[in-house]
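Chemist: Position 102 of the sequence shown, counting from 1, maps to 102 under the UniProt record's numbering, and the rest follow consecutively.
Quick caveat, the hints were computed from the structure, so don't treat them as lab data. Just so we're clear, the structure is a prediction, and the values are computed from it rather than from any experiment. Mixed in with the good hints there might be a few duds.
Claimed, not checked - Below, a list of computed lysine to aspartate or glutamate pairs in the EDC-like style, where the Cα atoms sit at most 16 Å apart:
{"id": "1", "residue 1": "Lys238", "residue 2": "Asp221"}
{"id": "2", "residue 1": "Lys7", "residue 2": "Glu53"}
{"id": "3", "residue 1": "Lys7", "residue 2": "Asp68"}
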Amino acid sequence: MADRALKVGIVGYGHLGQFLVEKIQKEGPEAGLQLAFVWNRNADKLRDSLPKELILHDLSDFTHRDTDVIVEVCHPKIVKEFGLRFLSHAHFLVGSPSALSDPQLEQDLCTAAKQHGKTLYVPSGALWGGQDIQKMNDSGTLRALSIRMSKHPSCFRLTGGLLSDWTEGEGRRVLYHGSVAELCPIAPNNVNTMAAAAIAASKLGFNGVTGEIVSDTALSDYHIVEVEITGPDGFTVKTVRQNPAKLGAVTGNATYNSFWSSLLVCKGHGGRVYLC
1 MADRALKVGI VGYGHLGQFL VEKIQKEGPE AGLQLAFVWN RNADKLRDSL
51 PKELILHDLS DFTHRDTDVI VEVCHPKIVK EFGLRFLSHA HFLVGSPSAL
101 SDPQLEQDLC TAAKQHGKTL YVPSGALWGG QDIQKMNDSG TLRALSIRMS
151 KHPSCFRLTG GLLSDWTEGE GRRVLYHGSV AELCPIAPNN VNTMAAAAIA
201 ASKLGFNGVT GEIVSDTALS DYHIVEVEIT GPDGFTVKTV RQNPAKLGAV
251 TGNATYNSFW SSLLVCKGHG GRVYLC
């Protein structure tokens with residue numbers, strides 16, 4: 001793939017999907033990327049933005065397109081329903097790694113990647129220091145990992161009406177504190193950063209990494225991601241990432257370019273599971 005254009009299928013056309021499609025259209029030739037197809041649950045949203053030949057109306061028809069890597073940027077349900085089929089046909093960049101909190105699904109995807117000679121890519125997204133976490137994990141020096149994500153309440157998409165009663169000006173409210181494994185089903189669209197961390201810290205895993213989500217009405221212009229890493233003999237690292245974001249936005253502004261960088265990593269890289 002290193003000496004020819006990488007043919008990319010985009011699954012999902014929300015804000016992030018639109019960003020990636022426009023980037024490939026504008027910068028793809030220079031970057032060695034080419035659109036293979038774009039799918040969205042509502043195909044009408046695509047008609048005024050893309051040539052007809054690039055629109056995939058039925059996602060099951062992806063096998064009819066010549067595709068090197070499929071990028072999912074819509075919902076964990078797609079990962080569960082199509083992930084194994086994607087890997088039988090192409091490399092797969094999982095934009096909703098919260099789906100991998102299901103240990104059986106994670107195992108099945110890893111097995112499929114190995115079986116078909118494909119790579120399962122996990123973008124780091126808003127996670128700062130993911131490669132460093134992975135190095136500590138692999139060397140056996142990672143003792144603990146915790147992540148706190150703080151956002152304006154309008155930016156959360158939670159199940160079970162967990163935040164349905166918020167009011168402007170109420171301030172800070174801790175919504176959840178515990179294992180990332182239990183948090184992912186509660187906030188599948190909001191905690192992909194934590195899921196990426198759990199994958200980087202595979203020896204701790206989703207059950208061993210601690211996650212906390214905080215609603216804060218003062219955060220009208222940005223999201224905050226705080227990561228604390230603990231190693232041996234009192235070693236600790238703490239990072240605070242302030243990511244500009246509009247009210248109601250699930251994804252912070254800087255995360256878009258992070259995804260683009262992850263997609264560029266796919267070109268020419270070989271492996272089975274890779275955090276990018």
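Chemist: Verify the proposed pairing of Lys7 with Asp68, using a straight-line Cα cut of 16 Å.
Modeler: Holds - the C-alpha atoms of Asp68 and Lys7 are around 5 Å apart, at most 16 Å.
Chemist: Checking one constraint from the list: CA of Lys7 to CA of Glu53, max 16 Å. Satisfied?
Modeler: holds, 14 Å
Chemist: Decide if the proposed pair is consistent with the structure: Lys238 and Asp221, CA atoms, cutoff 16 Å inclusive.
Modeler: violated, 22 Å
In summary, the structure is inconsistent with hint 1 from the numbered list given earlier, while agreeing with all the others.
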